[in-house]
Amino acid sequence: ATYTDIATRIGMPSAVRAVANACGANTLAVAIPCHRVVRSDGSLSGYRWGVERKRKLLEIEAVGGTGLFSGL
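For the sequence shown, UniProt numbering gives the first residue as 1, with consecutive numbering after it.
No lab work stands behind these hints, which were simulated from the structure alone.
Keep in mind that a hint or two might mislead.
[Unchecked claim] Keeping only pairs whose Cα atoms sit at most 20 Å apart, straight-line, the calculated SDA-like set for lysine to any residue is:
(1) K56 to S45
(2) K56 to D41
(3) K56 to T2
(4) K56 to A31
(5) K56 to A29
(6) K56 to A1
(7) K56 to G42
(8) K56 to V30
(9) K56 to A25
(10) K56 to R36
(11) K56 to P33
(12) K56 to G46
(13) K56 to V38
(14) K56 to T27
(15) K56 to R39
(16) K56 to C34
All chains, full assembly: derive it from the sequences and hints.
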């Protein structure tokens, strides 16, 4: 999903920046998987623990396809 997708899903399509800020500040990455949210162009940004860790998590999920939040 993109930041725009999330903003639209919560009924606030103009709140894209707020969604990005919330994802960047998320300290509950286990419960709220913000690493799965990307920019509209598909690029990675805004992860509390860095873009490289975000990339690695996405790679792990793509290979395994399983996990607590699989399919979100």
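Is the straight-line distance between the alpha-carbon of K56 and that of P33 20 Å or less?
Holds, because 13 Å separates the two Cα atoms, which is no more than 20 Å.
Holds or violated: K56 and V30, Cα atoms, limit 20 Å.
Given that 20 Å is the threshold and the Cα spacing comes to 15 Å, the pair holds.
Starting from K56, check that the Cα of A29 is at most 20 Å away, please.
This hinted pair holds, its Cα atoms lying about 14 Å apart.
CA of K56 to CA of D41, is that 20 Å or under?
Distance ~19 Å between K56 and D41 Cα, so the pair holds.
Is K56 within 20 Å of A31, Cα to Cα?
Given that 20 Å is the threshold and the Cα spacing comes to 18 Å, the pair holds.
Check whether the Cα positions of K56 and A25 lie no farther apart than 20 Å.
holds (19 Å)
Please work out if K56 and V38 have their alpha carbons no farther apart than 20 Å.
At roughly 14 Å apart (the allowed maximum being 20 Å), V38 and K56 satisfy the hint.
Are the Cα atoms of K56 and C34 separated by 20 Å or less?
Between K56 and C34 the Cα gap is close to 13 Å, so the pair holds against 20 Å.
Between K56 and T2, does the CA-CA distance stay at or below 20 Å?
Holds, at roughly 18 Å.
Going straight from one Cα to the other, do K56 and G42 come out at no more than 20 Å?
holds (15 Å)
Are K56 and A1 close enough, with their CA atoms no more than 20 Å apart?
Holds, because 17 Å separates the two Cα atoms, which is no more than 20 Å.
Has the given pair, K56 with R36, been kept, meaning a C-alpha gap of at most 20 Å?
holds (11 Å)
When held up to the earlier numbered hints, the structure conflicts with none and fits them all.
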